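Peer 1: Read off the chains here:
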Amino acid sequence: MTQKMILAALVASPFLAVTLPVHAEGDYNAKARALIKGDFKPRGQAAIDRVYEDALQAVCNRTNNNPSAENTKRLEADQLAQVKYPADGKLMGDWKKGERLAQSGRGFTWSDKASDPVGGNCYNCHQISPKETAYGTVGPSLMHYGKLRGNTAEIQKYTYDKIFNAKAYNACSDMPRFGHVEALKPDQIKDLVALLLDPESPVNK
Amino acid sequence: MKKPRLASLLGGVCALCFSASALAQEIDHAKADAEFAKFRAEMEDNNPAELNEMKGEELWKAKRGPKNVSLAESCDLGLGLGKLEGAYVQMPRHFADADKVMDTERRIVWCMTEKQGFKFDDIAKKPFQGGNDANAPDITNLVMFVAGHSRNKPFAVNLKDPKVRDVFEIGKEVAKYRAGPYDFSCGTCHGSDGKRIRMQNLPNLSTKEGAAKAVMGWPAYRMTGGVALTMQWRMNDCFRQQRFPEPKYASDVITSLLTYMTASANGVVYGGPGIKR
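So the sequences go chain by chain: A and B. Going by numbering that gives the first Met the number 0, the first sequence runs without a break in its numbering and finishes at 204. Going by numbering that gives the first Met the number 0, the second sequence runs without a break in its numbering and finishes at 276.
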C-alpha cells in the first residue's frame, strides 16, 4: 500500500471515508484491519461504523503515525480547512465553565447515553490548573499555558484550532478532534481557550 | 483451600479508600501505587476469587450439558485430556481439533459447545458478571479454576508455532489500529512508558514489563462492584473506553490481543487469579 494511493482517494473525497485497495497476503496490518471489521458488534450509541477508518485515520494506520512530510502538510491543511468558528468571532469564553468542562471525562462510550453532555476529557491526559492534582500524563502539561505564550490573536486562534482539531497541527496526534467530531461545540471550545489563556484563570496564576 | 474472611476483606477495602484519598493530595503517585500493591499482596491471601476457583472445580468435574460429559474427561487444554497444571500460562495456543489459536476462555467455551453440547449463543448472551449479579457465570468460574492451576508458573506462549506467531503479529497490529470518534488505538494509552490517565498508571504493552503488568492478576476479583471477571472482559472494557463498539465474545480479535500481550510477558511468573480495583 502506498501513501500515494491513499492520498489519491483522500483528495478525491476529502470529507468521506475512503475505500482502500486490499493488501497482499502476509501483511499483518491488513489482516488486523480485516479482523477488526468482522469482530465487533454495535452496542448503545457505539455503532459499527466506528471501527471503520476515516481518511486521516487510514493514513496514520498505514504509516505508523508518521506520514511523509508532504502528506503530513496536505492532511493538516485539509483538517484545518474544516475548523468551524463561533458566530460572534470571539475565541475566548468563560474560564470557569472551561474548568468544569475540562474535568469531565464522560461521553461517547457505549455506556454513556448519546443524549448526555460530552466532557472535555482534558484532565484525563493533561496537567492544567495547579489546583487539580489528579491529572493524566498522556499529553504535555498545560500549566502556565497562557503565562508562557501570552494571549494574542494568533495564540487564541492556534489554541482554538488545536482543541477543535488537534490534527490540524499534527496529523497523527494522539489527541482527539473534539470540534471536528462534534463532541464539543464552538462555544465550549471558547471556554476551554479561556481556561488556558485568560490571565484570571488559575492555569496562569 | 483457605476460605476468604469477608469481614477482614471489607475492613481492608475501607482502609484503602481512606489512604488513597489522603495520598492523592500529596500527589505522590508512585507511593500510591506502591501502597496499592502492598494492599493487594495482603488481600490476595484472602482473595474472594478463591470461591470462584472452587465453583469452577465443581463445574469442571461435573457431568453437564446435553451430552452429559464432564470437561475433566473431555476437554484438552493443550496438554492432554483434563490436564490442568500449567495449561493457562501456555495459552493462547493452536488447537488442531479446532484448527484455531485460542485463549483459555475461548478454549473452555469450545469444549462446552463441542464436548458438552451447550449452545454458544447461550454462553455468549451474558458472559460477564454485572454489578447487580449475585454470581459469576459458569465460564468465569471455569477460567478462574484453570488459571489457578498455573499459579507461580512462567508465561510460556509458544511463538515458535507459526500459527501462534501469525496471531501474535496480528494482535500487535490490532493494538495500533486507530478509529472511532476519538481516533484512539490501544497504543494511544498503552504504547509508551510512564503515562497515566488521571491517577491511573498505564502499562506500556510494547514492553515485556508492561505486558506482564497487563496480564498479571487476571482473571480477577474486582472490588468495584464486587465481581469476578476475566481478561476477555478487560479487553471489552478497554474497547468501551476507546469509544469502539463491543468486540464479539470469544472472537479472533480478542484472541489476537491476548496472544500479543501474554506472549510479550513470556518468562514472567504468573501469580494466579488476582484482585483489582
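By construction, these hints were calculated from the structure, which means they are not laboratory data. Note that the structure is predicted; figures quoted are calculated from it, not measured. Every residue, glycine too, gets a C-beta built ideally from N, C-alpha and C. Please note: incorrect hints may appear among the correct ones.
Covered stretches of chain B (in silico footprint by chain A; criterion: 3 or more residues with CB under 8 Å from a CB of chain A, positions within the stretch not fixed) [as the list claims (entries may be wrong)]:
| id | segment |
| --- | --- |
| 1 | 171–183 |
| 2 | 214–225 |
| 3 | 231–242 |
Which chain B residues stay away from chain A? Per the calculated CB distances, all over 12 Å, these [what the hints assert, rightly or not]:
| id | residue |
| --- | --- |
| 4 | R39 |
| 5 | G64 |
| 6 | W109 |
Peer 1: Would you pick out the hints that fail for this structure and give their numbers low to high?
Peer 2: Per hint list: single violation, 2.
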